[in-house]
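All chains, please: the whole structure from these sequences, using the hints.
Chain residues, written in single-letter form:
Number of protein chains: 2
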Amino acid sequence: MDNFAVNSPTGEMNATESFIHHAMEIILEDAVKKATDVREKVCEWRSPEQLKELLDLELRDKGESESRVLQYCRDAIKYSVKTTHPRFFNQLYAGMDPYSMVGSFITEAITTSLYTYEVAPVFTLMEDTLLRKMIEMIGWDEGGDGIFNPGGSMSNMYAVNLARYRYCPDIKEVGLFAAKRLVILTSQEGHYSISKGAALLGIGTKNVYIVSSDKRGKMIPSALEEKIKLAKSEGAVPFMVNATAGTTVLGAFDPIEEIADICEKYNLWLVSLLCLLCLLRVNSVAWNLHKMLMVPLQCSAFLVRDKTSLLQHCHSARATYLFQQDKFYDVSYDTGDKSVQCGRKPDAFKFWLMWKALGTTQLEQIVDRAIAMARYLAQEIKKREEFQLVIEPEYSNVCFWYIPPSLRSVPHGPERWKKLHTVAPVVKERMMKKGSMMIGYQAHGDKPNFFRMVVISPQVSREDLNFVLDEIHNLGQDL
Amino acid sequence: MDNFAVNSPTGEMNATESFIHHAMEIILEDAVKKATDVREKVCEWRSPEQLKELLDLELRDKGESESRVLQYCRDAIKYSVKTTHPRFFNQLYAGMDPYSMVGSFITEAITTSLYTYEVAPVFTLMEDTLLRKMIEMIGWDEGGDGIFNPGGSMSNMYAVNLARYRYCPDIKEVGLFAAKRLVILTSQEGHYSISKGAALLGIGTKNVYIVSSDKRGKMIPSALEEKIKLAKSEGAVPFMVNATAGTTVLGAFDPIEEIADICEKYNLWLVSLLCLLCLLRVNSVAWNLHKMLMVPLQCSAFLVRDKTSLLQHCHSARATYLFQQDKFYDVSYDTGDKSVQCGRKPDAFKFWLMWKALGTTQLEQIVDRAIAMARYLAQEIKKREEFQLVIEPEYSNVCFWYIPPSLRSVPHGPERWKKLHTVAPVVKERMMKKGSMMIGYQAHGDKPNFFRMVVISPQVSREDLNFVLDEIHNLGQDL
Numbered sequence: 001m002d003n004f005a006v007n008s009p010t011g012e013m014n015a016t017e018s019f020i021h022h023a024m025e026i027i028l029e030d031a032v033k034k035a036t037d038v039r040e041k042v043c044e045w046r047s048p049e050q051l052k053e054l055l056d057l058e059l060r061d062k063g064e065s066e067s068r069v070l071q072y073c074r075d076a077i078k079y080s081v082k083t084t085h086p087r088f089f090n091q092l093y094a095g096m097d098p099y100s101m102v103g104s105f106i107t108e109a110i111t112t113s114l115y116t117y118e119v120a121p122v123f124t125l126m127e128d129t130l131l132r133k134m135i136e137m138i139g140w141d142e143g144g145d146g147i148f149n150p151g152g153s154m155s156n157m158y159a160v161n162l163a164r165y166r167y168c169p170d171i172k173e174v175g176l177f178a179a180k181r182l183v184i185l186t187s188q189e190g191h192y193s194i195s196k197g198a199a200l201l202g203i204g205t206k207n208v209y210i211v212s213s214d215k216r217g218k219m220i221p222s223a224l225e226e227k228i229k230l231a232k233s234e235g236a237v238p239f240m241v242n243a244t245a246g247t248t249v250l251g252a253f254d255p256i257e258e259i260a261d262i263c264e265k266y267n268l269w270l271v272s273l274l275c276l277l278c279l280l281r282v283n284s285v286a287w288n289l290h291k292m293l294m295v296p297l298q299c300s301a302f303l304v305r306d307k308t309s310l311l312q313h314c315h316s317a318r319a320t321y322l323f324q325q326d327k328f329y330d331v332s333y334d335t336g337d338k339s340v341q342c343g344r345k346p347d348a349f350k351f352w353l354m355w356k357a358l359g360t361t362q363l364e365q366i367v368d369r370a371i372a373m374a375r376y377l378a379q380e381i382k383k384r385e386e387f388q389l390v391i392e393p394e395y396s397n398v399c400f401w402y403i404p405p406s407l408r409s410v411p412h413g414p415e416r417w418k419k420l421h422t423v424a425p426v427v428k429e430r431m432m433k434k435g436s437m438m439i440g441y442q443a444h445g446d447k448p449n450f451f452r453m454v455v456i457s458p459q460v461s462r463e464d465l466n467f468v469l470d471e472i473h474n475l476g477q478d479l
Numbered sequence: 001m002d003n004f005a006v007n008s009p010t011g012e013m014n015a016t017e018s019f020i021h022h023a024m025e026i027i028l029e030d031a032v033k034k035a036t037d038v039r040e041k042v043c044e045w046r047s048p049e050q051l052k053e054l055l056d057l058e059l060r061d062k063g064e065s066e067s068r069v070l071q072y073c074r075d076a077i078k079y080s081v082k083t084t085h086p087r088f089f090n091q092l093y094a095g096m097d098p099y100s101m102v103g104s105f106i107t108e109a110i111t112t113s114l115y116t117y118e119v120a121p122v123f124t125l126m127e128d129t130l131l132r133k134m135i136e137m138i139g140w141d142e143g144g145d146g147i148f149n150p151g152g153s154m155s156n157m158y159a160v161n162l163a164r165y166r167y168c169p170d171i172k173e174v175g176l177f178a179a180k181r182l183v184i185l186t187s188q189e190g191h192y193s194i195s196k197g198a199a200l201l202g203i204g205t206k207n208v209y210i211v212s213s214d215k216r217g218k219m220i221p222s223a224l225e226e227k228i229k230l231a232k233s234e235g236a237v238p239f240m241v242n243a244t245a246g247t248t249v250l251g252a253f254d255p256i257e258e259i260a261d262i263c264e265k266y267n268l269w270l271v272s273l274l275c276l277l278c279l280l281r282v283n284s285v286a287w288n289l290h291k292m293l294m295v296p297l298q299c300s301a302f303l304v305r306d307k308t309s310l311l312q313h314c315h316s317a318r319a320t321y322l323f324q325q326d327k328f329y330d331v332s333y334d335t336g337d338k339s340v341q342c343g344r345k346p347d348a349f350k351f352w353l354m355w356k357a358l359g360t361t362q363l364e365q366i367v368d369r370a371i372a373m374a375r376y377l378a379q380e381i382k383k384r385e386e387f388q389l390v391i392e393p394e395y396s397n398v399c400f401w402y403i404p405p406s407l408r409s410v411p412h413g414p415e416r417w418k419k420l421h422t423v424a425p426v427v428k429e430r431m432m433k434k435g436s437m438m439i440g441y442q443a444h445g446d447k448p449n450f451f452r453m454v455v456i457s458p459q460v461s462r463e464d465l466n467f468v469l470d471e472i473h474n475l476g477q478d479l
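Chains as they are written, first to last, in the numbering used here: chain A, 1 to 479; chain B, 1 to 479.
In short, the hints are calculated from the structure, not lab data.
You may find that some hints are simply not true.
Note that the list lumps identical chains together, so a pair holds whenever it fits in one copy or between two copies.
Simulated crosslink set (EDC-like; lysine to aspartate or glutamate; CA at most 16 Å straight-line) [as the list claims (entries may be wrong)]:
no.	residue 1	residue 2
1	Lys133	Asp56
2	Lys418	Asp326
3	Lys206	Glu173
4	Lys433	Asp330
5	Lys133	Asp61
6	Lys52	Asp330
7	Lys62	Glu364
Here you go:
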């Protein structure tokens, strides 16, 4: 005991104050201003081997000086990809909103967990406010429930678990061992987290039945009904359908109304992975604010149209060390037992602060503008002979091929597609090594590699979109 | 389209620069300096109804001014609990480390996801470095694998899923419907996330067999063997044992060596929820850095002693839009398919930066000092007639009763225990309304409500611990 100094807490904090000050300057200069400046690079590409050489990754017994630590901060920012840069189109997240970023700094500095009101009074109320508002926007007049959690995949697992609980609450206690085989239905364009969730939840990936989509990427309702009948004829129990409002690759919207009719007919739970859309008839929604609304990752809400406390019943374990019933305040504000987690970050706050700053109108404009920008890009693609749309964009994903001059004369057929397949990976490599922009590519079904460009950030201008097309041509015309 | 201005990105960022500057000043002043100052309150308690009145929670169509938004930041900090304050002992997290806090600001500003190297090159390598170092510290000479995830409960669910996959890989595909009933074994002191995990994973809470602990809270090895035999005699398959190194309430250490012998005998997978301890013989470890090591929540590692890519095999779904195999770099650095999530925060970076700044030696001192402080507190409790230890502390949890003067003459027996049960909730209410400190309380088994005080932060002095005991007496002597 006597080996330890009895430090004065304020003394210790004063010593690190200048460090925090310097670090904040670096963050503002390098991670905010430079990172979002269109004249700077999107990324400073280094291979894993090169980057290991550059960064002094080793963790040693002895601590290092503040100036060294500040240099580590600079280096970490320098070699990180600038996802907030106007020419980052690689994922379903992009752009920077300063209000939600500041909100995230506050939750990090305050560092608490959302399980009980007593340790997170402010954030508990803000989460509640947001969930109510989002439920209102969806249009569930009879109300609903919800919870923020660490991402869309987790939200989808919540959806599967709630649908299963609603089908048979006993499974929570006795497991699936004596249960009839359960079947989940999703389209071929559905997100892979449904499959991951089926594996984790003991349902099994083979019990996810894949429903065909049409050419535009939308689930075919008649194909859904066929698969439901197939499962039933096998003696299995179809219990939920996953529809998507904005699929991952093509940005397609499943026909929710027709799917809802089928779900009603067969008494299936209908869940949706969504974007920003009226989803009146679905039973639950997974809504990622860290995508189209630019809140720093992670910020993801799971919403359920239910007034029977399904979330609580399905997930509660009543830990006595957290959820004492003899507290001096209304313990219905202790929301932790709705979660499958114990500690849970107050992700709602950053979105609440952004909403306060921008208002609903500007939030809507962010989405409208992104969709308009995607349409603009599609128009420009149609004007240029070296580009070809994979599909007419419905949302903010624009999928297209770049066809280099050498390929234009190759007749349509397997040979052309085989060559086309190799173009996007090379252009991608070149853009990353140059650091000029970042766009994703992939093959899809029988289609060879194409670019999937996602337009989100309101900091993207038409000039940036023109630049993207010029630059792809610039980088790939020799292929 | 023409309704949208084509904003210049740099212009837009300059406009919000002053906002970010002001917000950072508020964070440094209120959320860092004031929050950790022992002369300030731990919390500014308001009931949910009062707090709703104080905060303007409503989300409107129109955005609000920057000065209003800055005021919302101040208010959010003011009415939040200061978990970094030297007199916050309410949870298994506490204290502030400035380096990991700065690291968390950087990951929020950089905002990316850990699934592929191309969007998170720096953070991917840092996570890898940390996992290797932690595996080395545990002492798994043959190596291992691991992943950071959103908390200890998630880590425990990973453990259950991997143990199940190792027992029968087919379950991933076909589910549990045709499987023999699986049984998990954990002690009565084990964390409730094992039960939550069993429910979520389709195993069922009734198939978690509870093994008795001794008076010190340690699992009784002979009782474990009996429960294993019981499950087998019922035709069920016990497949994993959860041991704990530092239980949630009592801070007890299960006898890992004896438990490992039993697991070896019956070929069971042994997982552990841990603290900072040599865990050579366990198969996996869930390690929360946001607890004893003060990294801002969330920072949690799951580590597995395995060289067969179990994490990858168990969780992979091979999403084509992320994990293209024709990339221009070594795709073994795309670690996302080890996770059950899709997007995943780079939580490792904040811990990496802290480790760099402090070195292993100082990290060890944080833990040693916390344990020494807990011992000091236990000694002081023994010196005072109005306090009584529930159990001799083994780790940094100190569980004790406060016995007000009126109770001291009441003979031991049900009446005394009934009255004692009401003391801690009232003292807790009074300390929170005064804002002088925060300590958890709870009943446990047949024991009436006691205080569970967790000492973590190196900013806690002996004076603070003396204050706690004086203050409890001060607040509760009339009861």
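Hints versus structure:
no.: 1; hint: Lys133 to Asp56; result: between (47 Å within a copy, 14 Å between copies)
no.: 2; hint: Lys418 to Asp326; result: between (69 Å within a copy, 13 Å between copies)
no.: 3; hint: Lys206 to Glu173; result: between (24 Å within a copy, 5 Å between copies)
no.: 4; hint: Lys433 to Asp330; result: between (57 Å within a copy, 15 Å between copies)
no.: 5; hint: Lys133 to Asp61; result: between (50 Å within a copy, 12 Å between copies)
no.: 6; hint: Lys52 to Asp330; result: between (52 Å within a copy, 14 Å between copies)
no.: 7; hint: Lys62 to Glu364; result: between (51 Å within a copy, 11 Å between copies)
The earlier numbered hints are all upheld by this structure, with none contradicted.
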